[in-house]
Amino acid sequence: MPDNMSISVNGQSQVPPGFRFHPTEEELLQYYLRKKVSYEKIDLDVIRDVDLNKLEPWDIQEKCKIGTTPQNDWYFFSHKDKKYPTGTRTNRATAAGFWKATGRDKVIYSNGKRIGMRKTLVFYKGRAPHGQKSDWIMHEYRLDDNTTNDTNLVSNMIGDGGQEEGWVVCRIFKKKNHLKTLDSPSGEGRRSHHLYDTCDEGALEQILQQMGRGCKEENYEANYNNNYGRFARPFESTLNNNGGYNNERFMKLPNLESPKSTSMENNENNNDGYHAIIQVDMANENEGSFSDHHHHHHHNNMVNNPLEASSSSMVIACGDGGLTNWVALDRLVASQLNGQTEASRQLACFTDPTMGYCTNDQDLQLPTLKSSSSTSSLSTHARTTTSTTTTTATAYISPSHDYASEIDLWNFARSTSSLLSSSEPLCHVSNTSV
Amino acid sequence: MVDNNNNNVNLPPGFRFYPTDEELVVHFLHRKASLLPCHPDVIPDLDLYPFDPWQLQGRALEEGNQWYYYSRRTQNRMTNNGYWMPMGMEEQVVTSSSNKRVGMKKYYVFHIGEAPNGNQTNWIMQEYRLSDSASSSTRSSSKRKSQPKSWVICRVYERDEDDQDGDGTELSCLDEVFLSLDDLDEVSLPN
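First to last, the sequence lines map onto chains P and U. FYI, the numbering for the first sequence is 1 to 434, going by full-length UniProt numbering. FYI, the numbering for the second sequence is 1 to 191, going by full-length UniProt numbering.
One or more of the hints may lead you astray.
As the list claims (entries may be wrong) - Lysine-lysine pairs mimicking DSSO-like chemistry, simulated, CA-CA at most 30 Å apart:
id : chain 1 : residue 1 : chain 2 : residue 2
1  : U       : K100      : P       : K63
2  : P       : K65       : U       : K100
3  : U       : K100      : P       : K174
Unchecked claim - Pairwise CB distance ranges (calculated):
id : chain 1 : residue 1 : chain 2 : residue 2 : range
4  : P       : S110      : U       : Q57       : 46 to 54 Å
5  : U       : D47       : P       : Y109      : 36 to 44 Å
6  : U       : S34       : P       : D45       : 30 to 38 Å
These are computed hints drawn from the structure, not numbers from a lab. Even glycine gets a Cβ: it sits at the ideal position worked out from N, Cα and C.
Model the full assembly from the supplied sequences, consistent with the hints where possible.
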């Protein structure tokens with residue numbers, strides 16, 4: 001019985017039932033590809049040569065059949081040629097589409113020793129860059145004879161620099177839909193279930209969440225600065241009116257590079273910013289004359305303001321219009337804020353300082369404290385500059401319309417954040433600043 | 001990890017026993033039940049021996065960390081140290097050509113200890129049997145008496161939760177993420 005069990009792939013006899021060509025990556029590289037590159041005879045012609053530019057995936061599927069048993073993947077040798085005589089990229093375009101590399105190459109080990117690399121490619125129908133992604137995946141294995149050093153490897157992760165020529169052994173298969181494989185009536189039951197088990201929602205979800213969090217933080221950061229900028233504005237405006245700053249000075253502000261605005265998510269920097277404001281505040285309160293400190297504080301605020309461009313234009317408007325009282329300023333601020341409502345609402349989930357940004361109570365203190373301190377310092381200086389009285393510890397008692405503007409600001413913040421559940425921290429802040 | 005000599009089958013490197021459900025039922029189970037010779041005769045007959053799953057090494061046909069053997073249908077699949085507990089519904093095994101039902105597939109999970117208080121393990125068994133119509137049509141009434149319990153094929157494996165990339169025959173989770181990231185190529189991602 002075993003005597004007539006020999007198979008001839010391209011002849012008449014077949015692979016015995018239940019058996020499939022299912023080589024390990026090690027077998028592909030160490031046995032088949034190694035024999036191929038050294039022109040050794042391979043007993044059975046199970047892996048054929050394929051010109052990747054001439055055959056579409058579905059043609060390869062036909063050409064690389066082994067026996068008549070159903071297959072899920074197909075193997076072939078391919079000779080990689082340079083795309084252009086001078087370039088290093090491989091041409092993997094076919095008549096109907098092209099193969100595009102994805103991810104990064106994976107090192108293949110055998111007994112702890114590196115033997116090769118695996119590149120993953122996806123078939124796109126159409127022409128780059130407007131191809132339509134298909135379910136066809138290719139794993140391209142190349143030998144790695146330890147002649148390349150690690151720095152070469154890093155450069156290989158993008159593009160094909162280095163091993164742009166020579167024989168590779170490839171495997172193509174159709175990407176499985178996880179749901180489909182689960183109840184697939186026939187076929188690799190164990191493998192599909194196995195895949196489903198190991199690649200469970202949890203792992204993937206975690207990665208995606210991680211990615212999402214990165215984006216969230218970034219968005220939040222921008223918006224946080226945005227909020228901060230709002231509070232800084234009334235102060236700048238009043239300074240412009242009464243402090244003798246000319247417009248040109250503000251016009252230059254966009255050139256100021258703000259170290260804070262790019263690293264707000266860093267707690268250390270956050271702390272620094274917070275302390276800086278408090279220190280200037282204290283200085284103002286302790287000294288009767290504060291003309292110098294105006295400059296300091298002003299710069300401090302501006303440095304922390306990432307919206308230099310918009311605030312400076314607003315300041316110009318204030319200066320030209322001869323804006324002299326808080327009521328007018330409130331209106332201006334309100335109109336500015338209304339204009340931003342749409343944009344802010346879209347990012348509503350990021351406007352709440354407690355969302356995604358503060359993970360525990362300690363962190364929670366930072367942005368709230370900072371907001372309240374900046375608003376109160378604003379009212380302090382706004383009051384002192386308009387009334388030009390001496391500063392005392394009671395400087396926090398502000399005119400009522402000053403309050404109104406502040407409450408408007410908070411209401412705005414609250415209205416956007418109310419799209420989410422937690423508006424508690426904001427209430428807390430408005431209470432403390434009163 | 002796997003020897004390439006599947007009993008008496010002499011195949012070049014890379015060939016493995018990876019039967020489809022249909023092949024298991026149509027080629028191996030059907031022939032066994034019909035007392036026809038199996039080519040190749042690679043799956044051993046363990047009948048109702050109460051082997052624990054880890055005792056299958058060297059007794060059942062091993063391929064790719066899966067063990068295959070013939071057994072018989074039984075209500076309580078007890079072993080020396082535990083029992084196989086049925087899991088979920090039976091699935092149909094159909095032919096790829098005509099979508100005709102040829103068999104049924106049932107899942108079990110191994111529990112150590114005494115039923116029903118055993119501890120669940122990661123050992124899974126798929127039990128293949130001929131569908132009732134298929135088995136009755138192939139058997140004469142006289143044979144049915146001599147075969148009180150019908151044959152099944154058991155495929156046993158241990159679910160491996162740490163194996164993230166498998167044997168490279170599928171896309172890893174990371175590959176999938178990269179694939180989905182390719183869709184966002186035009187969008188500039190934050191660094």
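Which earlier hints can't be squared with this structure?
-> Hint 4 alone not satisfied by this model.
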